[in-house]
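Quick mapping for you: the protein sequence lines, in order, are chains V and P.
Numbering of the first sequence is given in the working numbering, commencing with residue 1 and proceeding in unit increments.
Numbering of the second sequence is given in the working numbering, commencing with residue 1 and proceeding in unit increments.
Honestly, the hints are just simulated from the structure, not real lab data.
Where a beta carbon is used, it is the ideal one built from N, C-alpha and C, also for glycine.
Please note that the accuracy of each hint is not assured.
[What the hints assert, rightly or not] Simulated restraints on C-beta separations:
no.	chain 1	residue 1	chain 2	residue 2	range
1	P	W119	V	E63	37 to 43 Å
2	P	R28	V	D84	24 to 30 Å
3	V	V88	P	A78	50 to 56 Å
4	V	E52	P	R20	21 to 27 Å
5	V	K129	P	A114	54 to 60 Å
6	V	A89	P	G54	30 to 36 Å
7	P	R46	V	R86	25 to 31 Å
8	V	A23	P	L44	19 to 25 Å
9	P	W119	V	R123	18 to 24 Å
10	P	A64	V	Q83	37 to 43 Å
[What the hints assert, rightly or not] Selected chain P positions facing chain V (Cβ under 10 Å, derived; list incomplete):
no.	residue
11	L15
12	R21
13	H22
14	A23
15	A29
16	P35
17	E36
18	S37
19	L39
20	R41
21	A49
[Unchecked claim] Here are a few chain V residues that sit away from chain P, every Cβ distance over 10 Å (derived from the structure):
no.	residue
22	S16
23	R30
24	D47
25	F64
26	R72
27	R86
28	R91
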Amino acid sequence: LSAAVARAGELVVEASRDDAFTAFYQATARDLWAYVAGSTGDPAVADDVTQEAYLRWLGAAVEFQSDEHRRRYLFRIASNLMQDRRRVAQRRPEAQLEPHHEPAAAATEGPDATALARHDVGRALARLKPRDRRVLWLAHVEEASHEEIAAMVGARASSVRVLLFRARRRLARALETER
Amino acid sequence: MNEMRSNPKPDLPPLDILLRRHAEALRRAARLPSPESLLWRARLRRRLALSERGERLLSLYDRAALGVGVAVAVLAAAWHWDEVLALVPRFESPAAPESGVGAAIIAGAVLALAGLAMWAMTIWADD
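Pulled out of the complex, with its shape left as it was, chain P reads as follows (with noise of 0.2 Å):
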């Protein structure tokens, strides 16, 4: 540390006597928030967070239920496909489901639209 020490001005003190004695007088200078009150920010932030969590968390329940509600429309589609043909009006009227199997069709089908929806609401709400 001696080379920092020394000065290449010898008539200035040096220079880490200078620079102590202004850090001195910034500290004396020092206008400091109480700790208490950072405390209480850092519990709010950390609430605001959490509660940041629990959206994102919310959006993936969205996700989820779009990706179920699809997978049931197109598997129950898939395996009954004669009853989604009676379902559109164009081929049998009126279009109402004769088996369960119709009735889970719907029931994914609607799962799925709201899921969309609520997805596209989070999107839309994000940006």
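Excised from the complex, chain V in its bound form (with noise of 0.2 Å):
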């Protein structure tokens, strides 16, 4: 009776674990399939970084202090995942991946369509190099931290600063000849 009794807790606690997941995914999982997406310009790397991402974080024993940590904690798994991926490329160059940006086409629909179709983004993101979409991505639409950004692209927080002035100053150069 005690096992069945001890199972029957474990249930419970495996059900309000998945509850508290499924809260979360739904919390993030746009965001960080958006951010995959602007990093990497390609729609299916995004699908396999999510995925893989939230199966290491499901995976983890990290003890999180607040709901944010737990946030940054999964972005800096798909940051460390897109980096893997890279790597992987460059040393097989047959199988280097480029981005083809095909999310543009959501774009064509609602009141932002006029202003994204004048500023393809998508193309001018696609020219910076991988550092710099990231930095742009985490400091503009995650509006992360300085640390928090040098610890998810692998910098010092020092240089952020100034690799996020670059960075601007790439994109409105590459937003200019789009246009």
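Dock chain to chain to rebuild the complex, using the hints, since each chain is given by itself in its own frame.
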């Protein structure tokens, strides 16, 4: 009987953990997918990395101090996965991942369509270095601090300001030539 | 954050606004698996990791059997060298153990050989 009670207790804990994960997933999944798609320019990579990031997040034995910590940890996993993929692609030139920027099609609906059509941010981002794309995204979309960006892109916190400045300048130039 | 909001080209909307609009378009286009399928895969992965750990532990037992077998054989042989020689047909035929020590030597040697074989098979399987 005690074994059955213990098993029932485990099931309750598991169910509440599943509910917590589902809530976390619903709050973060679209943002994470957009981050990876925006950084790599490839929806297929975004599919893979998003899924793998959640699986690793679920397998991680980390005590999270807050929801924000939980979210940042997930984005950090995704950043590392993107870097790993890039390293593998660099070692195997035939498997080089070239961004192809399909997601712009999604912007052809809604009130922002005109602005996005005029300034194709996706195409402009594709012309930047991967690190520039990630830095810009984390700073402007995710509103991460310089320390958090540094941890996610593998740079020193003191150099993030410069990295951001240069990335912004490159994006502005790319947008100008896109128009 | 002010320097992030400014734009070197005054006729363009600020970069952070452009980026956020782009992010919103991507969010809408996101293709996501269900959380249930992710949870299921995570459990499957955990189970696989556990079984891999079990296999590694098994090969640890193989090595332990090998070590114990070798130790038994070496110790018994060192203490009763005469009886070991008596087991070799060239010195005395037929090679039958006369005491429990002889049996221990043979058991140790068999255990060591079994452990060695299992270990070799594990290494071969890993390759």
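Do the hints match the structure? See the list:
1. Our hint of 37 to 43 Å for W119 of chain P and E63 of chain V holds, since their Cβ atoms are close to 39 Å apart.
2. A hinted range of 24 to 30 Å holds for the C-beta pair R28 of chain P and D84 of chain V, which are about 28 Å apart.
3. Here the CB-CB span from V88 of chain V to A78 of chain P is close to 54 Å, well matched to the stated 50 to 56 Å.
4. For E52 of chain V and R20 of chain P, the hinted distance range of 21 to 27 Å is satisfied, since their beta carbons lie about 26 Å from each other.
5. Under the hint 54 to 60 Å, the C-beta atoms of K129 of chain V and A114 of chain P, about 58 Å apart, fit the expected range.
6. Roughly 35 Å separates the CB atoms of A89 of chain V and G54 of chain P, a value that falls within the hinted 30 to 36 Å.
7. The given range of 25 to 31 Å is respected by R46 of chain P and R86 of chain V, whose C-beta atoms sit roughly 28 Å from each other.
8. Between A23 of chain V and L44 of chain P the C-beta distance comes to about 22 Å, which sits within the given range of 19 to 25 Å.
9. Look at W119 of chain P against R123 of chain V: about 58 Å separates their beta carbons, and that is not inside 18 to 24 Å.
10. Range check, A64 of chain P to Q83 of chain V: Cβ separation about 41 Å, and the 37 to 43 Å hint holds.
11. Nearest Cβ of chain V to the Cβ of L15 of chain P: about 6 Å, under the 10 Å cut. The hint holds.
12. For the restraint placing R21 of chain P at the interface with chain V, the shortest Cβ-Cβ distance is roughly 5 Å, inside the 10 Å limit, so the hint holds.
13. About 4 Å separates the beta-carbon of H22 of chain P from the nearest beta-carbon of chain V, less than 10 Å, and the hint is met.
14. Of the supplied interface hints, the one on A23 of chain P holds, with its beta-carbon coming within about 4 Å of a beta-carbon of chain V, less than 10 Å.
15. This hint holds: A29 of chain P has a C-beta 3 Å from the nearest C-beta of chain V, less than the 10 Å allowed.
16. With a cut of 10 Å, the hint placing P35 of chain P at the interface with chain V holds, because the nearest CB-to-CB distance is about 4 Å.
17. Satisfaction of the interface hint for E36 of chain P is found here, the shortest Cβ-Cβ separation to chain V being roughly 8 Å, below the 10 Å cut-off.
18. With 10 Å as the threshold, the beta carbon of S37 of chain P comes within range of chain V, its nearest partner Cβ sitting at about 9 Å, so the hint holds.
19. A hinted interface residue such as L39 of chain P counts as satisfied when its beta carbon comes closer than 10 Å to some beta carbon of chain V; here the least separation is about 6 Å, so the hint holds.
20. Restraint check, R41 of chain P versus chain V: the minimum CB separation of about 6 Å is within 10 Å; hint holds.
21. The interface hint given for A49 of chain P is met, as the beta carbon of that residue sits about 8 Å from the closest beta carbon of chain V, less than 10 Å.
22. With 10 Å as the threshold on Cβ separation, the claim that S16 of chain V sits away from chain P holds: the shortest Cβ distance comes to roughly 13 Å.
23. Interface exclusion of R30 of chain V from chain P breaks down, the closest Cβ pair being 4 Å apart, not more than 10 Å.
24. Distance check for D47 of chain V against chain P: the nearest CB is about 6 Å away, which does not clear 10 Å, and the non-interface claim fails.
25. F64 of chain V, annotated as away from the interface, keeps every beta carbon of chain P farther than 10 Å; the closest lies near 16 Å.
26. The beta carbon of R72 of chain V is kept farther than 10 Å from every beta carbon of chain P, the shortest such distance being approximately 17 Å.
27. Interface exclusion of R86 of chain V from chain P stands, the closest Cβ pair being 19 Å apart, more than 10 Å.
28. Listed as outside the interface, R91 of chain V is consistent with that label: its C-beta sits roughly 23 Å from the nearest C-beta of chain P, beyond the 10 Å cut-off.
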